[in-house]
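Just need the whole structure built from these sequences, with the hints factored in.
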Amino acid sequence: MSLCAVKGFQWLRQRQCVLFSKAVCVHQLHSSPGFTDSCYDGLYPGHIHTTPIQKALLAVGSGVAALQNPYRHDMVAVLGETTGHLALINLRDRMKNDPEGYTILTERPRIRLSTLDLSKMASLPDGSFGREYLRFLEDNHVTPDSRADVKFVDNEELAYVMQRYREVHDLLHTLLGMPTNMLGEVAVKWFEAAQTGLPMCALGAVLGPLRLNSSRLQSLFTSLGPWALQNGRRSRCILSIFYERRWEQNLEDLRQELNIEPPPVILSAANKRST
Amino acid sequence: MAASVRLLLRLSHRNINVAAAGGSARPGCCWGPTGPSSCRCFSDATGDRSTHFGFETVPETEKAKRVYKVFENVAQKYDVMNDAMSLGIHRVWKDMLLRAMHPQPGVRLLDVAGGTGDIAFRFLEYVQSQQERQKRRAARSTQTPSWQDISTNYSTEDEDGPQESKAVVCDINKEMLKVGKQKADSMGISAAGLSWVVGDAEELPFDDDQFDIYTIAFGIRNVTHIDQALQEALRVLKPGGRFMCLEFSKVTNPVLARLYDTYSFQMIPVLGEVIAGDWKSYQYLVESIRKFPDQEEFKGMIEDAGFYCVHYHNLTGGVVALHSGFKL
Numbered sequence: 001m002s003l004c005a006v007k008g009f010q011w012l013r014q015r016q017c018v019l020f021s022k023a024v025c026v027h028q029l030h031s032s033p034g035f036t037d038s039c040y041d042g043l044y045p046g047h048i049h050t051t052p053i054q055k056a057l058l059a060v061g062s063g064v065a066a067l068q069n070p071y072r073h074d075m076v077a078v079l080g081e082t083t084g085h086l087a088l089i090n091l092r093d094r095m096k097n098d099p100e101g102y103t104i105l106t107e108r109p110r111i112r113l114s115t116l117d118l119s120k121m122a123s124l125p126d127g128s129f130g131r132e133y134l135r136f137l138e139d140n141h142v143t144p145d146s147r148a149d150v151k152f153v154d155n156e157e158l159a160y161v162m163q164r165y166r167e168v169h170d171l172l173h174t175l176l177g178m179p180t181n182m183l184g185e186v187a188v189k190w191f192e193a194a195q196t197g198l199p200m201c202a203l204g205a206v207l208g209p210l211r212l213n214s215s216r217l218q219s220l221f222t223s224l225g226p227w228a229l230q231n232g233r234r235s236r237c238i239l240s241i242f243y244e245r246r247w248e249q250n251l252e253d254l255r256q257e258l259n260i261e262p263p264p265v266i267l268s269a270a271n272k273r274s275t
Numbered sequence: 276m277a278a279s280v281r282l283l284l285r286l287s288h289r290n291i292n293v294a295a296a297g298g299s300a301r302p303g304c305c306w307g308p309t310g311p312s313s314c315r316c317f318s319d320a321t322g323d324r325s326t327h328f329g330f331e332t333v334p335e336t337e338k339a340k341r342v343y344k345v346f347e348n349v350a351q352k353y354d355v356m357n358d359a360m361s362l363g364i365h366r367v368w369k370d371m372l373l374r375a376m377h378p379q380p381g382v383r384l385l386d387v388a389g390g391t392g393d394i395a396f397r398f399l400e401y402v403q404s405q406q407e408r409q410k411r412r413a414a415r416s417t418q419t420p421s422w423q424d425i426s427t428n429y430s431t432e433d434e435d436g437p438q439e440s441k442a443v444v445c446d447i448n449k450e451m452l453k454v455g456k457q458k459a460d461s462m463g464i465s466a467a468g469l470s471w472v473v474g475d476a477e478e479l480p481f482d483d484d485q486f487d488i489y490t491i492a493f494g495i496r497n498v499t500h501i502d503q504a505l506q507e508a509l510r511v512l513k514p515g516g517r518f519m520c521l522e523f524s525k526v527t528n529p530v531l532a533r534l535y536d537t538y539s540f541q542m543i544p545v546l547g548e549v550i551a552g553d554w555k556s557y558q559y560l561v562e563s564i565r566k567f568p569d570q571e572e573f574k575g576m577i578e579d580a581g582f583y584c585v586h587y588h589n590l591t592g593g594v595v596a597l598h599s600g601f602k603l
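Protein chains in written order, with the working numbering: chain A, 1 to 275; chain B, 276 to 603.
Keep in mind the hints are simulated off the structure, nothing from the lab. Note that CB positions come from ideal geometry on N, CA and C, so glycine has one too. Hints should not be assumed to be uniformly reliable.
[What the hints assert, rightly or not] Pairwise CB distance ranges (calculated):
| id | chain 1 | residue 1 | chain 2 | residue 2 | range |
| --- | --- | --- | --- | --- | --- |
| 1 | A | L217 | B | S361 | 53 to 61 Å |
| 2 | A | V64 | B | M371 | 43 to 51 Å |
| 3 | B | R408 | A | H73 | 50 to 58 Å |
| 4 | B | T336 | A | H73 | 34 to 42 Å |
| 5 | B | D460 | A | R72 | 50 to 58 Å |
[Stated by the list, open to error] Simulated pairs of lysine to aspartate or glutamate, EDC-like, Cα-Cα distance not exceeding 20 Å:
| id | chain 1 | residue 1 | chain 2 | residue 2 |
| --- | --- | --- | --- | --- |
| 6 | B | K338 | B | E522 |
| 7 | B | K458 | B | E347 |
| 8 | B | K555 | A | D74 |
| 9 | B | K555 | A | D154 |
| 10 | B | K410 | B | E439 |
| 11 | B | K352 | B | D460 |
| 12 | B | K566 | B | E335 |
| 13 | A | K55 | B | D536 |
| 14 | B | K449 | B | E347 |
| 15 | A | K120 | A | E244 |
| 16 | B | K513 | B | E478 |
| 17 | A | K120 | A | E138 |
| 18 | B | K513 | B | D482 |
| 19 | B | K352 | A | D74 |
| 20 | B | K555 | A | E244 |
| 21 | A | K55 | B | D553 |
| 22 | A | K120 | A | D145 |
| 23 | A | K120 | A | D149 |
Written out as structure tokens, the structure is:
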């Protein structure tokens, strides 16, 4: 009887998301400075309930917006969230089956400037994972805090998997030795598409090359591309690695452990300006 | 089903009509009428007065802050979003407001919650075209004037005209006014007849009996105390002055109402996220429309404030209502 009630409640909840999500907030009359502070009406802070129609509209709209303006990272993020349900389930199951991945799912580490000890990482020897990651951040002028929060995934655990995927992206650049210029990003996308199966990665992998000039395209199709795809398929699940505990590990050792070959072509961050 | 029924019973104490438990759930929310105006505000146990912020309940002191934040966030994309959400129809609504207003050269307009200046710009354009029409009429009526006479007539009228008609745009939100000023500059509208003032609709920074026309377009539903805003409107209008309000209202036709609700709740927050990167502000927008009193109730409120000859016209089947009243 209670199971039927729970199921019925879930069904109702799915359909009347907007209606009930506000109801959860009713009894909390205390003031909240922002929209999503102590009183958040969702499964996790930042969660916004959406109906299937809204998700479909978001997927289409964000896809168009991202194509028109690839610098709209929030639209790429929304596209990933609205189309990635099955891939996220697959990723989550892979993580659960891996002991280190399981630890990540329970401990829920986040990669933020506030959680990283940058001075300690700078003092690590060259060739160590932490030192190379820091070098990557400095050379490419990026910060780990630029990732958008997950909003439209309707499962708290899957939302974390999505967030982890976003935060691991920079680490992947370091592991693969790819800079953040267009060619490097496309190579990483090919790897991610093969690894995760997220439709957003596949779309980025297909459409990214359109913005490359011919010499880079050639480099992509002859060496970088096949390397990225092969390694994406055979490497261990990159989300299952507890990177925060491996800063001291040698980068080459880590690559071997993950079954990733070093890149066939060395790309430098100086290539950033010309694509 | 018991748990869901219990949840629904808990909800009902919020004075909300909920669709029958277990009945087909519509993707949009079609709230029943919110009942008498008394249930718009209710007190909780501690005695703080609370009000609605969309479908949320917040303390009254909180609402103004939250609304400010919403419009601060949306200001840059406000006009683009208006066009996208209403498919350009909001321009028609504002044009109809001007046509109903039919201002003559020399009147003073106060546009409250005028933010990005749409009404004020239209007002100045309208008055300018009225002036030109009058000039042409005057020119036609003078018998065989010499070109010298005609040109001196034109030049004297030019000096008087624009200075007489003044539009004051008043908004509580500085970001919206900033966007409005930028628009005025880019449209090349002369700053002569236009002022931008920061002010609260519930406490206007103007003396009594100052303006011929007071307009508030799509702003009054964001005000915490609508009755205070109406009283302020009465105060600053000259005797014989006209109050005009454009606001989203209740759609009477049930088929259109269903379509409108579905469109509002499914499409508009999505548009907000895709175009402006802000879902929550546009969720607030569609919810605040549902919480606003309907045409008749609002008419009653305007009459209570002391206006006479209060009428309303439904535009687009009741999606928008144009209310008008006079201070006598």
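Structure-based check of each hint:
1. A:L217 / B:S361: 53 to 61 Å: violated, 44 Å
2. A:V64 / B:M371: 43 to 51 Å: With Cβ atoms ~32 Å apart, the hint is violated.
3. B:R408 / A:H73: 50 to 58 Å: holds, 53 Å
4. B:T336 / A:H73: 34 to 42 Å: holds, 36 Å
5. B:D460 / A:R72: 50 to 58 Å: violated, 27 Å
6. B:K338 / B:E522: With a Cα-Cα distance of about 19 Å, the restraint between B:K338 and B:E522 holds, given a limit of 20 Å.
7. B:K458 / B:E347: Measuring from Cα to Cα gives roughly 16 Å; hence the hint holds.
8. B:K555 / A:D74: holds, 15 Å
9. B:K555 / A:D154: holds, 17 Å
10. B:K410 / B:E439: holds, 15 Å
11. B:K352 / B:D460: This hinted pair holds, its Cα atoms lying about 17 Å apart.
12. B:K566 / B:E335: It holds: about 15 Å lies between the C-alpha atoms, which stays within 20 Å.
13. A:K55 / B:D536: holds, 17 Å
14. B:K449 / B:E347: With a Cα-Cα distance of about 8 Å, the restraint between B:K449 and B:E347 holds, given a limit of 20 Å.
15. A:K120 / A:E244: At roughly 12 Å apart (the allowed maximum being 20 Å), A:E244 and A:K120 satisfy the hint.
16. B:K513 / B:E478: holds, 17 Å
17. A:K120 / A:E138: Since the Cα atoms of A:K120 and A:E138 sit roughly 15 Å apart, the hinted pair holds (cutoff 20 Å).
18. B:K513 / B:D482: holds, 10 Å
19. B:K352 / A:D74: Holds - the C-alpha atoms of A:D74 and B:K352 are around 16 Å apart, at most 20 Å.
20. B:K555 / A:E244: violated, 34 Å
21. A:K55 / B:D553: OK: A:K55 and B:D553 at ~15 Å, within 20 Å.
22. A:K120 / A:D145: The given pair, whose Cα atoms are some 19 Å apart, holds under the 20 Å limit.
23. A:K120 / A:D149: violated, 27 Å
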